[in-house]
Amino acid sequence: MFEVVAFYLFAFLTIAMFTITVTTKNALYALSALAAGMIFISAFFFLLGAEFLGAVQIVVYTGAVMALYSFGMMFFDSIKEIKESPSNPRLTFVLTGMIALLVVIIFIAPIIGANVTAQYPVGMAADLYGTIDGNTQDVGVVLFTKYLVPFEVAAVMLLVAMIGGIILAGKKMDVSITELSEKEIDALNIETKEAHKKDLK
Amino acid sequence: MSITLNDYLILSTILFMIGTYGVFRRTNLLMLFFSTEIMLNAVNIGMAAISKFHGDLTGQMFAFFIIAVAASEVAVGLGLLVLWYKKHNSIDLDTLKSMKG
Chain F
39 MFEVVAFYLF
49 AFLTIAMFTI
59 TVTTKNALYA
69 LSALAAGMIF
79 ISAFFFLLGA
89 EFLGAVQIVV
99 YTGAVMALYS
109 FGMMFFDSIK
119 EIKESPSNPR
129 LTFVLTGMIA
139 LLVVIIFIAP
149 IIGANVTAQY
159 PVGMAADLYG
169 TIDGNTQDVG
179 VVLFTKYLVP
189 FEVAAVMLLV
199 AMIGGIILAG
209 KKMDVSITEL
219 SEKEIDALNI
229 ETKEAHKKDL
239 K
Chain L
2 MSITLNDYLI
12 LSTILFMIGT
22 YGVFRRTNLL
32 MLFFSTEIML
42 NAVNIGMAAI
52 SKFHGDLTGQ
62 MFAFFIIAVA
72 ASEVAVGLGL
82 LVLWYKKHNS
92 IDLDTLKSMK
102 G
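Those protein sequence lines, which keep their order, are chains F and L.
Note that our numbering numbers the first sequence so that position 94 is 132, with each residue one more than the last.
Note that our numbering numbers the second sequence so that position 86 is 87, with each residue one more than the last.
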């Protein structure tokens, strides 16, 4: 009974939050609603017995991704209202058809997967090591045996993304504006404006 | 009455639809990133639900890798977005049409 109530409550809250995110015209509202939706999604992971995944969801999404977005938003004009323009009707038609197909596949999936057997069953760590430490130990055992190579590749990918992000966003970070005098800052501003004009040409 | 796999998959589908709607409707690039995050999260719910109802941990593993991909996507994407904004003073999708013949 608890599970049913919790499922419907969080389903309603998540759908409401994400609907706000995609419909609001204010970028700050969209960001806050998205962060709330991410937290509510972690509730589903806890309901599903995937505690480690729920904790990772909170730490990574609301901790890291949302912080990154808020930093990114400082660069943009977030108070200005976002204007929307109608998109290509033919593209919308094709994509709608694709989504309908996707929905059919999703609803058929449980029937197709009815006789699939578990390769890495839940609770396998308890069978192997005789202790029961729950979901986190299970995840650790599978992640560092079968999925060790993808794990390392993901680590390299995150490193590449970090370096890429720093290089793309952090140009001219060797110049510290707080240590410059006002004249030097003015000279720097004029320099960047001229560079922009050249780029636009 | 109890919650079955189908309920979770329906929820996952609805959230994915919301994300897709956002991708269609938005022309602001930051909002497109938000919609992409919604879609990735919707898929994660489906993965975790299948993992629970089939008693297999592989679904959760995939969810972890999806989260890793989403995090790196945001890092690189926001870097590019900041560059674009510095150059064009706008993050509207229409400004990307400069190569239109």
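It is worth saying that the hints were derived from the structure and are not from the lab.
For glycine and all other residues, C-beta sits at the position ideal for the given N, C-alpha and C.
Mixed in with the good hints, there may be bad ones.
Claimed, not checked - Computed far set for chain F versus chain L, every beta-carbon distance over 10 angstroms:
id	residue
1	Gly135
2	Lys184
3	Glu222
4	Glu229
What the hints assert, rightly or not - Distance windows between CB atoms, simulated:
id	chain 1	residue 1	chain 2	residue 2	range
5	F	Val97	L	Asp95	51 to 59 angstroms
6	F	Ser219	L	Phe25	48 to 56 angstroms
7	F	Leu140	L	Ser3	46 to 54 angstroms
8	F	Leu197	L	Lys88	38 to 46 angstroms
9	L	Lys98	F	Glu217	39 to 47 angstroms
10	F	Thr134	L	Ile11	47 to 55 angstroms
11	L	Phe25	F	Glu217	43 to 51 angstroms
12	F	Ile204	L	Lys88	40 to 48 angstroms
13	F	Leu133	L	Ser3	15 to 23 angstroms
14	F	Thr155	L	Lys88	51 to 59 angstroms
15	L	Asp95	F	Met136	20 to 28 angstroms
16	L	Phe25	F	Thr216	42 to 50 angstroms
17	L	Ile11	F	Ile96	19 to 27 angstroms
As the list claims (entries may be wrong) - Here are a few chain F residues that face chain L, going by a calculated C-beta distance under 10 angstroms:
id	residue
18	Gln95
19	Phe114
20	Ile223
21	Asn227
Against the structure, the hints:
no., hint, result
1, Gly135, "12 angstroms, holds"
2, Lys184, "8 angstroms, violated"
3, Glu222, "20 angstroms, holds"
4, Glu229, "14 angstroms, holds"
5, F:Val97 to L:Asp95: 51 to 59 angstroms, "36 angstroms, violated"
6, F:Ser219 to L:Phe25: 48 to 56 angstroms, "50 angstroms, holds"
7, F:Leu140 to L:Ser3: 46 to 54 angstroms, "27 angstroms, violated"
8, F:Leu197 to L:Lys88: 38 to 46 angstroms, "27 angstroms, violated"
9, L:Lys98 to F:Glu217: 39 to 47 angstroms, "41 angstroms, holds"
10, F:Thr134 to L:Ile11: 47 to 55 angstroms, "19 angstroms, violated"
11, L:Phe25 to F:Glu217: 43 to 51 angstroms, "47 angstroms, holds"
12, F:Ile204 to L:Lys88: 40 to 48 angstroms, "18 angstroms, violated"
13, F:Leu133 to L:Ser3: 15 to 23 angstroms, "35 angstroms, violated"
14, F:Thr155 to L:Lys88: 51 to 59 angstroms, "54 angstroms, holds"
15, L:Asp95 to F:Met136: 20 to 28 angstroms, "24 angstroms, holds"
16, L:Phe25 to F:Thr216: 42 to 50 angstroms, "44 angstroms, holds"
17, L:Ile11 to F:Ile96: 19 to 27 angstroms, "24 angstroms, holds"
18, Gln95, "7 angstroms, holds"
19, Phe114, "6 angstroms, holds"
20, Ile223, "17 angstroms, violated"
21, Asn227, "13 angstroms, violated"
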